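Trainee: Please model the complete structure; the sequences and the hints are all you need to start from.
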Amino acid sequence: MSTAQRMIEVIARNADYAAAIDAGKLTQWVEMFTQDGLYLAQPRENADRGLPLATIRCEGRGMLADRVHAIEKTMVFAPRYVRHLISAPQVFNISATEIHCVSNFLVTQTLTMQPTQIMACGEYRDRWQIAENGAHLLAVRIAVFDSELVPNSLIYPL
Amino acid sequence: MSTAQRMIEVIARNADYAAAIDAGKLTQWVEMFTQDGLYLAQPRENADRGLPLATIRCEGRGMLADRVHAIEKTMVFAPRYVRHLISAPQVFNISATEIHCVSNFLVTQTLTMQPTQIMACGEYRDRWQIAENGAHLLAVRIAVFDSELVPNSLIYPL
Amino acid sequence: MSTAQRMIEVIARNADYAAAIDAGKLTQWVEMFTQDGLYLAQPRENADRGLPLATIRCEGRGMLADRVHAIEKTMVFAPRYVRHLISAPQVFNISATEIHCVSNFLVTQTLTMQPTQIMACGEYRDRWQIAENGAHLLAVRIAVFDSELVPNSLIYPL
Amino acid sequence: MNSPIHWAPRPDASHKIPNAIYSDPETFNREMTRIFYGPHWCYVGLECEIPNAGDFKTTHIGERPVVVVRNHDGKVHVVENRCAHKGVKFCQTPHGNTQFFRCPYHQWNYRLDGTLRGVPFRQGVNGQGGMPPEFKMEEHGLNALTVTVHNGVIFACFDHAVAPFSDYLGGLMKGYFERTFDGRKLKLLGYNRQRISGNWKLMQENIKDPYHASLLHVFFITFGLFRADQKSAIEMDERGRHAVLVSRRNSGGDNAEVTKDAGSFKEGLKLADPRIMDVVHEPWWGEPTVVMQTIFPSVILQQQINSLSTRQIIPVGPDAFDFVWTHFGFEDDSEEMTTRRLRQANLFGPAGYVSGDDGEVIEFSQQGTSAYPDGECTVALDGYGTHNTQHMVTETAIRAMYNYWREVMQ
Amino acid sequence: MNSPIHWAPRPDASHKIPNAIYSDPETFNREMTRIFYGPHWCYVGLECEIPNAGDFKTTHIGERPVVVVRNHDGKVHVVENRCAHKGVKFCQTPHGNTQFFRCPYHQWNYRLDGTLRGVPFRQGVNGQGGMPPEFKMEEHGLNALTVTVHNGVIFACFDHAVAPFSDYLGGLMKGYFERTFDGRKLKLLGYNRQRISGNWKLMQENIKDPYHASLLHVFFITFGLFRADQKSAIEMDERGRHAVLVSRRNSGGDNAEVTKDAGSFKEGLKLADPRIMDVVHEPWWGEPTVVMQTIFPSVILQQQINSLSTRQIIPVGPDAFDFVWTHFGFEDDSEEMTTRRLRQANLFGPAGYVSGDDGEVIEFSQQGTSAYPDGECTVALDGYGTHNTQHMVTETAIRAMYNYWREVMQ
Amino acid sequence: MNSPIHWAPRPDASHKIPNAIYSDPETFNREMTRIFYGPHWCYVGLECEIPNAGDFKTTHIGERPVVVVRNHDGKVHVVENRCAHKGVKFCQTPHGNTQFFRCPYHQWNYRLDGTLRGVPFRQGVNGQGGMPPEFKMEEHGLNALTVTVHNGVIFACFDHAVAPFSDYLGGLMKGYFERTFDGRKLKLLGYNRQRISGNWKLMQENIKDPYHASLLHVFFITFGLFRADQKSAIEMDERGRHAVLVSRRNSGGDNAEVTKDAGSFKEGLKLADPRIMDVVHEPWWGEPTVVMQTIFPSVILQQQINSLSTRQIIPVGPDAFDFVWTHFGFEDDSEEMTTRRLRQANLFGPAGYVSGDDGEVIEFSQQGTSAYPDGECTVALDGYGTHNTQHMVTETAIRAMYNYWREVMQ
Ligand code: FES
Ligand code: FES
Ligand code: FES
Ligand SMILES: [Fe+3]
Ligand SMILES: [Fe+3]
Ligand SMILES: [Fe+3]
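Residue numbers (my numbering), protein chains in the order written: chain R, 1 to 158; chain H, 159 to 316; chain X, 317 to 474; chain W, 475 to 884; chain D, 885 to 1294; chain F, 1295 to 1704.
The hints are simulated quantities; they were obtained by calculation from the structure and are not laboratory data.
Don't take each hint at face value.
Stated by the list, open to error - Here are the simulated lysine-lysine pairs, BS3-like style, with alpha carbons at most 30 Å apart:
1) 73/R with 1351/F
2) 1351/F with 389/X
3) 341/X with 1564/F
4) 1020/D with 490/W
Keep in mind it's a predicted model, so treat the numbers as computed, not measured.
Mentor: Here it is as structure tokens:
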């Protein structure tokens, strides 16, 4: 497959990714990762300075599922809508089994009866794994966010 | 055509859609719908609760044209720029004649000599109809907006 | 190449464009233009009224490089992150050697330890030149911005 | 402490509104205290929004958050959305159904009438800690407001000494109120919400001002929903707080006398799709085709042809208010009638062919008056009095409202 | 009512600026009343922006919106952008052409000089309603400001007792003013607008401060547009309100004495494309290559090599101002000269190689002074006086401005 | 000048907090002056953030920006981030390394201890201008704060008469402080920052409130990190300013007595991946598994199982504060331990399984209390006293803090 085709594939998968979170179908979000896929939401200053702390750290589907469980069952927060806008990726490396790429994202948040605000923007640093059946799963997604000063809580994944 | 090709087609048409509104060429906006195409701009709470009220309801090109006529000739409002950013669609169903898909949108608004603000974000729930000549027209576009608390007026279509 | 393929090519190049600026690799930004490529950042009121003034005017790679040099070495400004979201282009004219198209953009700005804000939105009015080796370079990019009331300084290019 | 704006209650000044009353913070604070939190019934919702036991919705009276809830016995209660323990706005969902309220912070929990139901570890744990013995559950409930439900419309008041709702409205206003709300079951159609950058009183003025309707709204003029020459009336309660604008739709088209003055009249305007104006006269209307009622201070009741809504005013500081539209029909509406109401809703709300204009000019008013706080507005149309009229060329109801306002704010 | 900041008019304190004058709301309110709305000519635009009868533009004086319009007879008027009826900011478009102004709310309409032209239904409709008989059209026009047009530049004032513009400037300042604006026709090149998060006075200080130019602006230093050793002067009017910074460009390059102190000097900086500094001496300049004139309180007139602009200051509360750049050339400019001016515009505006720095440091000043309101700034460069100088190592013009400011604000 | 909220220091009112202290601007201003800028040690950072000579970071004390810097001799200084010349917040980068500070506006430059190092053109240029002869460099340095570094943690104070840090803490609190900070080298793991829309005191209350931990945080309850029945204590310094919540983790699971009251308890909750709770007891803990220490007014020191952080409180007006988390470990941590700390960080910060709840309820508190400024909060759990306790069913430390607060604010 050409780089352009890979880019198109990632664009499509990112549409799925956004839809899963924005519609609150968080189990679908988990299923977009490989079994031991890594998801980090990390403030840009930590990423830039080589500090390892992430705001959300999920190492594999177990931790991803625990995050979903917490969001859905245990965490206390004001109801809100989130909305992801994800740009087309810049594709770096492709092989038969992997895509390395970076996309920009913007996530808005709308609290009940309040104006919409910018929740965060930043970039996804991705490694997608391509299965034999053609499925694309995230082996790594590091959501490095510029918006280091989080507007109170970060509930839904970036 | 493959799903990817359908997605690309919708991406291109959404670029037309955005350009038509943002450049104030609203007649082109009307022409993106089928003769009896349905356009709704609906607050998300109504959509989520099954309440039928829409903020804008246009059933077919006649009502769409009336909306354009009102914007251009009869409604009183402060001049403003709007700008649409539309994400790639998540394509659900395709057939030879139809595409069902959902895209996220963000619309900004800039009032004269004021800072740019977020006007609304949300999702387009679309049914595109594919004519024999390959043209894609909107049979249904429901713009469900998270930004229920409208910053005063909603003048231009989402 | 088809219009769709051209669109995809521009989408990919715009991902490069955004990444170059957002990661602070401004030399790569310069290299996306032809030798005498024109870059303007122009308030929409000037563009709409036919007034020639631009906020940034770079005529060719020399001026582009001087702009980069100023940003990196001489200008005094508070550190900030910028982030570009660029929509898919509306492609107007294509030939074997050129693409005329328009894309919408949104640029956010995050000052140190401050909330993210909208820096500017608007449209790129582009003429891309296609070299024999298939490379796409900007012969013209006019970034017409709706956000005429700039939030203090416009440091990084739109 | 700064003082509110002084508006001398001289009779000769009643038509001169000081601009500062629209933006002065101290005036606003006094308005909240004396008007929204004082002895005035404020709209909080419709019964059809909370049809079942345990149904609740959240809203605001002035700037104060409250919860409107139907108790297990069917009775409607309105309680402060503020935990008696440490002030938490405990109910964050806009609507839902619940057996009781539970504050997330320490899980104090309340019955639907606001009485305190439980305090975790009140008796301590293992004999240690807990609330002191003199702590009385009955002294730590949610503050409950006085509530009245009148034919499906819910009002509440922080001041328990407020006059009964019927007296508050007065007989004349009550008649108009019951024209729409005669006890029939309502059907909820949906909401529109806008934040309008203008003082809340500008919205009341707007609806009490028939003059603008025939001038600002090109859509109205052209289709004869409002025109300066049509049969119409402004009527008020005795204290000038509430008003109705009653009108009968013309057949439309040109009328030299009244359109020459209305520079905004656009001749020859035609709808490409006339279904939006497919008006069907409903028997209960009687002669009027439009009745707009302002209930001071918090709501407007709209019947404009087949479109029905309540429009709630929620002040957000002196410079803005949230405007919440609740569209409804009747339970026995045919499907056609529901569709008709939904189509006519294109005229109203933030994108309304008519109401869009109102939101915009209110913002323009705020811009002009707040930048020139020492200036005044002139409301001398139809003289200086506060009488009822049988025509639309008047500002009588605005003067009447401000006479009452000055009395309260003194 | 809280009081403005007190800045003792002791002579020994004239070089100590209390930080609070940059952020105190009451000080700001008094500044608006006494300075922007008092007897001071405020810049509102250029004649070339409204060349034809009926052309108008909107702008602000202080926080008040106004309209600048050319009447049918060619005369320029400035009127409040606020309807005499109910305060609506009636003109919402930034520029245009019109026969008269019409307020959208009730369509009161005004001639271009602000006089009231029409009130719809003034006589009522069918003999009912309308304005009372004693309503006088001539008493309900738009408030019109005093206007002066001096060689193509338009100033206005709310106080009709303001001194004539020539006296307001004084002879020396008038000379500099007329150096650029000698009656030639101007050509409008376009606008830049920025909202700078700083007090409006910081912008005046910035331009009255030649010290910073040779230190902050690396671009300037390296290309010799400003350097501490170059031939230059600061001159003021007698009351110290207005000033010019006059300077002659050096040939560039290193100069040990003045660049050793300027730590920001970057040796060896070269332009990859020198066209941006392709300066052509225009005959009318005379010896100076730079003349920056501050007209108190609202505008800066820029001639920096071939780049010309007016820079309008529009306060937006104590903590911010809008800065509006109007770039222009002359009607008889060659195409090459226009291109040159457009290229040199890279130095100015929100992205300017030079002016970008100014906007940023003004914001930094606001951050520091507002966080430490009890602190003070020290402006003792070149002593404590307010004399004209023939060098750039001085803060004389800042002290002079504040001497006048303290007089007015007392 | 308006006055701060009055909270009568009657003993019988000590458990009734007036809502207005969370939103009244004058109260906030007095808090800044008397508390954050008064004789109280405020946290500014960790030594491991600025390990080398010339390393600096910027932060705030209250609303005032400061720079924390390590001098060439290794000593840590804290100086105002405000140029002595004209108030510029000269240091705009959050952290870095420098030989000296240079203000961008006129390049006044300062040594790392804040003393003035250079003023460009101080002697004038070519014999003209410059600073007057009596200008003394030593009088125009950056204002330097009093600094204490205690086992790697840096505190500073604007009031040089503040008590020594050990006395400020008191012996009991010092012991807990030194439990974590015993002089070992720390390893910086990274930051989290949030802006929480609530008054700064609500954050102090939150950590002084063991009651909520066993009720709000389902995650805590279920995994036994906090439960109302566990062995625990609240201890304070003598003046009631600082406190520790000490606790020993239970083995988890159900316990009828304490979970029946906690309506939020979710039975059967299991982690799909238990590595997040792979707690390893560190020898220095001793018996407690959790020690949360509040140092009044500006910081919380967290040891919760293997997760360590400081949490700095930076007020931003009465209605908000920035909450800065600095996570750290020890220099000799194994890689496994570092990974463990990073995994457990999922519980804390803006997305924390536990701390996410706190940020949210604090915002809900602000919403409720600010909308009802005349109301009060009730903190009568465990009576009215301010004694240390050996259980968690108490609000003693909140009452103690406010007793001190009333004393200071009087
Ligand atoms: S604040 Fe509601 S239970 Fe404590
Ligand atoms: S407000 Fe302008 S006409 Fe009424
Ligand atoms: S303000 Fe810092 S050097 Fe002038
Ligand atoms: Fe209206
Ligand atoms: Fe400058
Ligand atoms: Fe907690």
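Trainee: All hints are to be evaluated individually against the structure, with a verdict given for each.
Mentor: Hints versus structure:
1. 73/R with 1351/F: 39 Å, violated
2. 1351/F with 389/X: 22 Å, holds
3. 341/X with 1564/F: 46 Å, violated
4. 1020/D with 490/W: 15 Å, holds
Violated hints, in rising order: 1 and 3; the structure is consistent with all others.
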